[in-house]
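One-letter residues, chain by chain:
There are 2 protein chains.
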Amino acid sequence: MTRYRVAVHIVPRRGLLDPQGKAVADALRSLGFPGVEDVHVGRHIVAEVQAADAASAEQSVRAMCAKLLANPVTEDFEIAGVNAA
Amino acid sequence: MTRYRVAVHIVPRRGLLDPQGKAVADALRSLGFPGVEDVHVGRHIVAEVQAADAASAEQSVRAMCAKLLANPVTEDFEIAGVNAA
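Chain order of the listed sequences is Y and W.
Take 2 as the starting number for the first sequence in this note's numbering and just add one per residue.
Take 2 as the starting number for the second sequence in this note's numbering and just add one per residue.
Since the list gives no way to pick out one identical chain from another, each pair is judged satisfied if it fits inside one copy or across any two copies.
For lysine to any residue, the following SDA-like pairs were computed, each having C-alpha atoms within a straight-line distance of at most 20 Å:
# : residue 1 : residue 2
1 : K68       : G36
2 : K23       : S61
3 : K23       : P35
4 : K23       : R4
5 : K23       : H41
6 : K23       : G33
If you are wondering where the hints come from, they were derived from the structure by calculation, not from laboratory data.
Let the hints inform the model, and build the full structure from the sequences given.
Next up, the structure:
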């Protein structure tokens with residue numbers, strides 16, 4: 002078993018309202034960043050897992066996202082990277 | 002002016018307590034993922050900004066992180082990517 006560090010991005014699904022992103026964009030514009038057009042706020046999760054190889058580390062993190070980490074109604078997730086830790 | 006999409010990772014600073022990450026790791030282990038050793042939960046922010054070039058887009062997003070998006074006491078940020086949108 003090797004230790005892998007798997008990074009995941011969980012982002013609000015495109016086309017759904019993203020009130021947090023809108024609030025951040027409005028705050029940035031009023032703080033002196035007029036060039037901000039849009040902001041999306043998601044989560045960046047790094048999981049350190051023991052697995053036999055990188056493929057099974059990725060597969061188990063996908064299962065974690067489906068089961069706990071992401072809300073399947075409102076969010077999408079993508080595996081951003083798998084590295085031996 | 003071109004529209005750039007700048008992705009940022011904001012993560013809890015190493016060495017500080019990360020109660021959210023610890024709670025997620027405990028929940029995953031009790032949900033049937035015994036291989037989970039550690040979890041860190043940060044934010045993944047995508048900002049779409051108007052800028053003259055990629056370097057100035059990145060620079061303005063760094064300023065946004067320092068001013069609003071990241072907590073300089075407890076968090077670190079890194080620019081994950083700059084792409085023309």
